[in-house]
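Work the whole structure out from these sequences, hints included.
Here is what each chain is made of, one letter per residue.
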Amino acid sequence: MPVTTTLPDEPEVRPDLRTATRRPRRRRRLVIGGLVVALVAAFAIRVLLGDYTFTVPDFFRILFGEQLPVSTFILMESKLPRAVLAVLVGLALGSAGSLFQMLLRNPLASPDIVGVSLGASAAGIFALLTLGLRDGAVSAFAVVGAVAVSAVVRWVAGTTGGYRLVLTGVGVAAAMVSVVQYLLARSSTWDVQLALRWLVGSLNNVPWSTVGLLAVSLAVLLPTLAVMSRSLEVLELGDEAAAGLGVGRHRTDALLLVGVLLTAVAVAAAGPVAFVAFMSGPIARALMGGRHSLLAGALVGAVLVLLADHVAAYLVPDVVLPVGIVTGAVGGPFLLWLLARGAATGRTG
Amino acid sequence: MAITTTQLLDRPRSTSAAGPATAYAVMLGLVAVAAVASVLIGSRTISPTALLEAGPDRTVLEVRAVRTALGVLVGVALGLAGACMQGLTRNPLADPGILGVNAGAALAIVLGIAYLGAGGMTSYVVLALVGAALASVAVHAIAGIGRDGATPAKLTVAGAAFAAAASSWTVAVQLVDQTALDVMRRWQVGSIGGRSWDVVVSLAPVFAVGVVLALALSRTLNALALGEEMAAGLGRHTTRDRVLVGLAIVLLAGTATAAAGPIAFVGLIVPHLVRTRTGSDHRHLLPLSAGYGAVLVLLADTVGRVVLPPSEVQVGIMTAVVGVPFFLLLVRRGRMGL
Numbered sequence: 440m441p442v443t444t445t446l447p448d449e450p451e452v453r454p455d456l457r458t459a460t461r462r463p464r465r466r467r468r469l470v471i472g473g474l475v476v477a478l479v480a481a482f483a484i485r486v487l488l489g490d491y492t493f494t495v496p497d498f499f500r501i502l503f504g505e506q507l508p509v510s511t512f513i514l515m516e517s518k519l520p521r522a523v524l525a526v527l528v529g530l531a532l533g534s535a536g537s538l539f540q541m542l543l544r545n546p547l548a549s550p551d552i553v554g555v556s557l558g559a560s561a562a563g564i565f566a567l568l569t570l571g572l573r574d575g576a577v578s579a580f581a582v583v584g585a586v587a588v589s590a591v592v593r594w595v596a597g598t599t600g601g602y603r604l605v606l607t608g609v610g611v612a613a614a615m616v617s618v619v620q621y622l623l624a625r626s627s628t629w630d631v632q633l634a635l636r637w638l639v640g641s642l643n644n645v646p647w648s649t650v651g652l653l654a655v656s657l658a659v660l661l662p663t664l665a666v667m668s669r670s671l672e673v674l675e676l677g678d679e680a681a682a683g684l685g686v687g688r689h690r691t692d693a694l695l696l697v698g699v700l701l702t703a704v705a706v707a708a709a710g711p712v713a714f715v716a717f718m719s720g721p722i723a724r725a726l727m728g729g730r731h732s733l734l735a736g737a738l739v740g741a742v743l744v745l746l747a748d749h750v751a752a753y754l755v756p757d758v759v760l761p762v763g764i765v766t767g768a769v770g771g772p773f774l775l776w777l778l779a780r781g782a783a784t785g786r787t788g
Numbered sequence: 004m005a006i007t008t009t010q011l012l013d014r015p016r017s018t019s020a021a022g023p024a025t026a027y028a029v030m031l032g033l034v035a036v037a038a039v040a041s042v043l044i045g046s047r048t049i050s051p052t053a054l055l056e057a058g059p060d061r062t063v064l065e066v067r068a069v070r071t072a073l074g075v076l077v078g079v080a081l082g083l084a085g086a087c088m089q090g091l092t093r094n095p096l097a098d099p100g101i102l103g104v105n106a107g108a109a110l111a112i113v114l115g116i117a118y119l120g121a122g123g124m125t126s127y128v129v130l131a132l133v134g135a136a137l138a139s140v141a142v143h144a145i146a147g148i149g150r151d152g153a154t155p156a157k158l159t160v161a162g163a164a165f166a167a168a169a170s171s172w173t174v175a176v177q178l179v180d181q182t183a184l185d186v187m188r189r190w191q192v193g194s195i196g197g198r199s200w201d202v203v204v205s206l207a208p209v210f211a212v213g214v215v216l217a218l219a220l221s222r223t224l225n226a227l228a229l230g231e232e233m234a235a236g237l238g239r240h241t242t243r244d245r246v247l248v249g250l251a252i253v254l255l256a257g258t259a260t261a262a263a264g265p266i267a268f269v270g271l272i273v274p275h276l277v278r279t280r281t282g283s284d285h286r287h288l289l290p291l292s293a294g295y296g297a298v299l300v301l302l303a304d305t306v307g308r309v310v311l312p313p314s315e316v317q318v319g320i321m322t323a324v325v326g327v328p329f330f331l332l333l334v335r336r337g338r339m340g341l
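Chains as they are written, first to last, in our numbering: chain B, 440 to 788; chain F, 4 to 341.
The reader is advised that the hints may include incorrect statements.
[Unchecked claim] Derived DEER-like restraints, expressed as beta-carbon distance ranges:
(1) B:651 / F:335: 51 to 59 Å
(2) B:683 / F:233: 41 to 49 Å
(3) B:644 / F:276: 44 to 52 Å
(4) F:313 / B:644: 28 to 36 Å
(5) F:232 / B:475: 49 to 57 Å
(6) F:314 / B:689: 39 to 47 Å
(7) F:36 / B:663: 56 to 64 Å
(8) B:574 / F:118: 48 to 56 Å
(9) F:246 / B:597: 48 to 56 Å
(10) B:644 / F:118: 39 to 47 Å
(11) F:232 / B:665: 34 to 42 Å
(12) B:587 / F:276: 22 to 30 Å
(13) F:118 / B:506: 42 to 50 Å
(14) F:276 / B:574: 55 to 63 Å
[Stated by the list, open to error] Now the stretches of chain F that chain B is said to cover, found in silico as 3 or more residues with beta-carbon under 8 Å:
(15) 158-164
(16) 307-319
Source of the hints: derived by calculation from the structure; they are not laboratory data. Fair warning: this is a prediction, and the values are worked out from it, not measured in the lab. Just so it is clear, CB atoms sit at the ideal spot from N, CA and C, and this is done for glycine as well.
Written as structure tokens, this is what we have:
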């Protein structure tokens, strides 16, 4: 008899518990699914619409090798590499930004704000203009620059995250902009497109080789990140708590290095596209109901770059603005709004 | 017996070993040396005797004289503006470049050229002043939202964000409007070369008003340095004081930007260095910052001419080269009350 009095309670409790654990997971699946749909839609908008439109059947016919006059050239040499590069750059910057913000527990600490993007840019343009290197070598220099800048920032800011890190980054970023401007001013031919690409980030006139190089780099880096990010939930609790749970500081450093590399390869391909890394994380987090997610951050980044590039290309008739102008013009106010809301001041080092 | 407010405020906070008279003499001497160096040294170094005889060297000297005058003007304006800003916001990282004031001025000029049909130095100055004013109000308003008010760190980040957004818009307008691009291109990095006397003459009135206003406000800044509540307790109209100091900053930073484009870090470094010698009494800090601002700009410009021949490193880049390590040192030493 006493047994029957306790038993009926259990079936009442369990469904609640189950729904409680299931709901976030369902939300996660919904958000990721929604973002993938948004990404496909944005890609379709970028490729199919604009001043030269394609129908969907035409798109696939050209893609599978059919030669249509003019259309084939515009799609294969202009629109498609641009859109694919936008997706890749967005994925790289979005995931790197979310990773930084998560590990440093500071929404301001994204690679573009702490100077890593501009470090990569300065080293890349040095390789390009002063040493006369191309493609892969430029990317290698960008990686070296990004790593060097993050080492400097880390050394100056100490181990704390918070404002000291951000302020250091602001200073280093200012220095890197000066370096880029100096190198550009010194080069014998003042090339506006080149300047725009390395100062603000641009997808104009990219060759397929650049896209391929970035794709190969990401094919290595993103799976590495996915494997390593399993310990992220623990690291998010803070260094000490993570150490207590058996995840050491070296894991944080290794993950940050992956983030730096992702930023560097993206910058080498398209320049320091402003604020994409910074905006993706908070947007993804808001969509996920306050939870961090690298995948969502990466997808948001890709959607952002695609849409920004579409706006940049068709906002002003006859002028193709570089994508970084649009993300900068939108991202600056976003950062100010985040500051005004006080979201960024919650945690200071 | 009783110490009056005025006596309290006028009491020197710290005395430099040599006393103020020597400090001013040294400052003026250095300004003179820097100015002479700026006139004589360059890709073509000229002996002083060339002044006496007509010839190509004399023409070069005249061009360099304009450049030197402009350097003095810009340096004085930036040094004063930086010192006023650091006093007003009690923020050791304050600088017209870092807080986005210069970027706001640049954006206003570009918009004016592209959409209001502005042309000529006078209209640029007006636009720069409007832009500088709007930018400083916006940055301070945004940083001031929230419980802890406008902390140095929040101001700096808000300034950097504002500058980033404003420069994006600036580039966008330039790409759309060819005239704006042509005017702005030589202006982008911050340079005092290639200007005529007209520029100096048309900037002089605004500059003079700004300098006089700033120097007249040195006691006000001393009072404000005690903190908002203390200053109010001493009988100051803190709101009026703040508006006046803000006006001086806008006049000075706007003039400097209109003359030379965005030059950062002069307003940051100079007051800090001066403060280590004379203490934080604004009655000495302001004039000395003005003088050393001129010294820094002139030296940066002169060194930039010869450091990497045959090309020339613009003064804005030179000040960043010196300024960024300094900025990082300040952050590293944690002297901004974090």
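Each hint tested on the structure:
1. Take residue 651 of chain B and residue 335 of chain F: their Cβ atoms lie about 42 Å apart, and the range 51 to 59 Å is violated.
2. Distance hint check: the CB atoms of residue 683 of chain B and residue 233 of chain F are about 46 Å apart, consistent with the given range 41 to 49 Å.
3. With their beta carbons about 46 Å apart, residue 644 of chain B and residue 276 of chain F fall inside the hinted range of 44 to 52 Å.
4. Checked against the hint of 28 to 36 Å, the pair residue 313 of chain F and residue 644 of chain B passes, with Cβ atoms roughly 31 Å apart.
5. The hint said 49 to 57 Å for the Cβ distance between residue 232 of chain F and residue 475 of chain B, and at roughly 55 Å that hint holds.
6. Look at residue 314 of chain F against residue 689 of chain B: about 45 Å separates their beta carbons, and that is inside 39 to 47 Å.
7. At about 58 Å, the beta-carbon gap between residue 36 of chain F and residue 663 of chain B stays in the expected band of 56 to 64 Å.
8. Between residue 574 of chain B and residue 118 of chain F, the C-beta spacing of about 41 Å breaks the proposed range 48 to 56 Å.
9. In this structure the supplied range 48 to 56 Å is violated for residue 246 of chain F paired with residue 597 of chain B, their Cβ-Cβ distance being about 39 Å.
10. The hint said 39 to 47 Å for the Cβ distance between residue 644 of chain B and residue 118 of chain F, and at roughly 29 Å that hint is violated.
11. For the hinted restraint 34 to 42 Å between residue 232 of chain F and residue 665 of chain B, the CB-CB distance of approximately 54 Å leaves it violated.
12. In this structure the hint that residue 587 of chain B and residue 276 of chain F lie 22 to 30 Å apart at CB holds, the actual value being about 28 Å.
13. Between residue 118 of chain F and residue 506 of chain B the beta carbon distance is about 45 Å. The supplied range of 42 to 50 Å therefore holds.
14. For residue 276 of chain F paired with residue 574 of chain B, a C-beta distance near 45 Å fails the hint of 55 to 63 Å.
15. With 5 residues bearing a CB less than 8 Å from a CB of chain B, the stretch 158-164 of chain F meets the requirement of three and the coverage assertion stands.
16. Residues of the stretch 307-319 of chain F with a Cβ under 8 Å from some Cβ of chain B number 5, which satisfies the need for three, so the listed coverage holds.
In summary, the structure is inconsistent with hints 1, 8, 9, 10, 11 and 14 from the numbered list given earlier, while agreeing with the others.
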